[in-house]
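2 protein chains.
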Amino acid sequence: MSEKYKVTPWKVEGVVDYDAFAKQAGIQPIDEELKKRIAKYTGSLHFMLSRGIYYAQRQLSWLLDEYEKGNKFYVYTGIAPSGSMTIGHLIPFILTQWLQEKFDAEVYIQIPDEEKFLSHKEPDLTLERTHELAYEDALDIVSLGFKPSKTKIFLDTEYASTLYKQAARVAKHITFSMVKDAFGMTNEANIGWIFYTSMQAVPAFLKSVEEGKNVPCLIPLAIDQDVHFRIARDVIGKLGYYKPAIVHAKFLPALNGASKMSASDKTQAIYLNDDEDTVRAKIGRALTGQQATAELQRKYGGDPDKCVVCQYYRYFFEPDDRKLKKIFDAERDGSMLAGEHKAELAATINEYLRKHRQKKERYREKLDSFMLEC
Amino acid sequence: MSEKYKVTPWKVEGVVDYDAFAKQAGIQPIDEELKKRIAKYTGSLHFMLSRGIYYAQRQLSWLLDEYEKGNKFYVYTGIAPSGSMTIGHLIPFILTQWLQEKFDAEVYIQIPDEEKFLSHKEPDLTLERTHELAYEDALDIVSLGFKPSKTKIFLDTEYASTLYKQAARVAKHITFSMVKDAFGMTNEANIGWIFYTSMQAVPAFLKSVEEGKNVPCLIPLAIDQDVHFRIARDVIGKLGYYKPAIVHAKFLPALNGASKMSASDKTQAIYLNDDEDTVRAKIGRALTGQQATAELQRKYGGDPDKCVVCQYYRYFFEPDDRKLKKIFDAERDGSMLAGEHKAELAATINEYLRKHRQKKERYREKLDSFMLEC
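So the protein lines, in turn, are chains F and W.
For the first sequence, the working numbering begins at 333 and goes up steadily by one.
For the second sequence, the working numbering begins at 333 and goes up steadily by one.
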């Protein structure tokens, strides 16, 4: 790991160098050829793929080979509840929903409600609280448009009669030394946290167990989760199952431009339950790539790559490439000033969140049909 | 731990010094006063208590105080399946069944079918195999006369949707350092085995969770299991539940006189599924306390304390104290020779096993009514 930044599933520090991370983790880029192969089946690429927000992969070419042979894949992703979801949390689910639609893929969504309980030190994050949050997260997720007939969502504590047995099979192949090295744990880590990575591994081969034959699996995730599967993929191979393919997303930046919008820094994240005033105030504080004064900005223009406002459009709120180019150009040529720029983004986000909440209400009574128990 | 012997849940080596063990573990004897208090409720003492086979305890006086106040206790014990049960394995269940009868106690029996899978290195001990063995163990256990309405039996892998959540609460308070020190684990221990002790802790407070109020718990166990609860009792206290009381049994000796009849040394144990010839052959090889020749034995007599045949009567096969005394006297005064002695014991064991198997057949179709899932 470079000394300039640090990426673990529990903390991201410094300015992430995505190419260096990929190199160090041994993951490959999603190159033009792979994008073309995906587009062959999907018609058009999701903007998160075409724009390189999903930028790296493991074994994606193999997954598409299998698909070509008629061997359909399922998609596995998840979220560990710790509070309201941020817009950054939605990135894996947005791609997953698109994959379900385009590939008619079955989707497994794990909500490890014990994870933050075990890894956090806050005493108020009880299992009762994470359980509540888990159901709220599940509702946020299904509201993106998942199909009940093709989507299985489960909490670790509620689905453990299925998961724990398989986790034990995984755990037998993982020593404390391995976990210590991979996650930087010490001897003072608690034994639930140490064991946890085995639980996260299970959905990557669970469908193969259930069907009694190997089923390819694709995992969209943000890069901080890759380390779990660096260990798990080897073990899953040893157990005789296909190793899962992975596509890796970059982090949505924080409001202040830090590499990752982290749910644990409340002032720097936009939450799905933020009200309109809060969103306006937060975006008002967002880092832009603009000059120090309006005059200088008009004269020299700004840098959209450093501008959080532009990046939120690129990652999330402007799917149309031509419109995105206009926004970037207006930032670059100085024709759009920060205030106007931010007001427009805040309005766009508020409109998105308003619609999202409407969809949540429609999905609320359907939620049970997505959830698995035992 | 003394250097002369070693007791862990996975291995017992050397000649166990039970008093030294109790001292080192910080456990107290079951003294005459405690025995009298028990007998006050039960009428007569079970011979395993009166003979000091159960010889030590934690917090037993408190448990009886609670009982006196009308606060009934439940009993928790268990077995980790690894093969057919030995007669030694029955000792905690025999006392548990007696406690159920005498105190009208509810009984929780945990069958951790992942434990030997995780702690063993034999590749043929799969989870499928331990699952099979677990059901055979459950049948052996209920055949001792447990009441279906008052007995709950569960396998860890089948009951994990209940157990795992509670185990996570326990695990959060246990560091790898603690497990390393207590069990002598190294960094090369697998993370499932490291986590396992949390699963074993759960049934000691599960009834309190279920009832939403504290219920006293009594755990009969062989001393090698005490270490799990040395850690767990503190944690259970921190979680706000009553710490469980424990009664500790000595080990049934192996045929060769080694301290513990271990299921992993097949030649030195009597299994519940041994046939009559096997039992005769095994008892024929058992260590006795007799002199080298019949003539010397007639002249000087033997030592019943060193005689495995006498000890099997004492631990298990002769509940009647007067009859036991006759057996011991006949060994001591030289009037009974090894061959005759062994033939009688083998016949007694075979009769016990024959009846046990008959009971098993009667219980087989009732077994489901004891088992919990999810």
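Please note: incorrect hints may appear among the correct ones.
Put simply, identical chains are the same to the list, so a pair is met inside one copy or across any two.
As the list claims (entries may be wrong) - No farther apart than 30 Å at their CA atoms in a straight line, the calculated lysine-lysine pairs in the DSS-like style are these:
no., residue 1, residue 2
1, Lys484, Lys657
2, Lys448, Lys545
3, Lys336, Lys404
4, Lys539, Lys698
5, Lys539, Lys453
Hints listed in this document are in silico derivations from the structure and should not be mistaken for laboratory results.
Here's how the hints hold up against the structure:
1. For the homomeric pair lysine 484 and lysine 657, neither the shortest alpha-carbon distance inside one copy (38 Å) nor that between copies (66 Å) is at most 30 Å.
2. When the C-alpha separation of lysine 448 and lysine 545 is checked against a cutoff of 30 Å, the pair qualifies only between copies, where the shortest distance is 27 Å, while the shortest distance within a copy is 33 Å.
3. Proximity of lysine 336 to lysine 404 under the C-alpha cut-off of 30 Å is found in neither arrangement, the shortest distances being 41 Å within a copy and 61 Å between copies.
4. Taking identical chains as interchangeable, the C-alpha atoms of lysine 539 and lysine 698 lie at most 30 Å apart only when both belong to the same chain, with a minimum of 23 Å there against 33 Å between chains.
5. Taking the shortest Cα distances, lysine 539 and lysine 453 sit within 30 Å of each other only across copies (27 Å), while inside one copy they are farther apart (34 Å).
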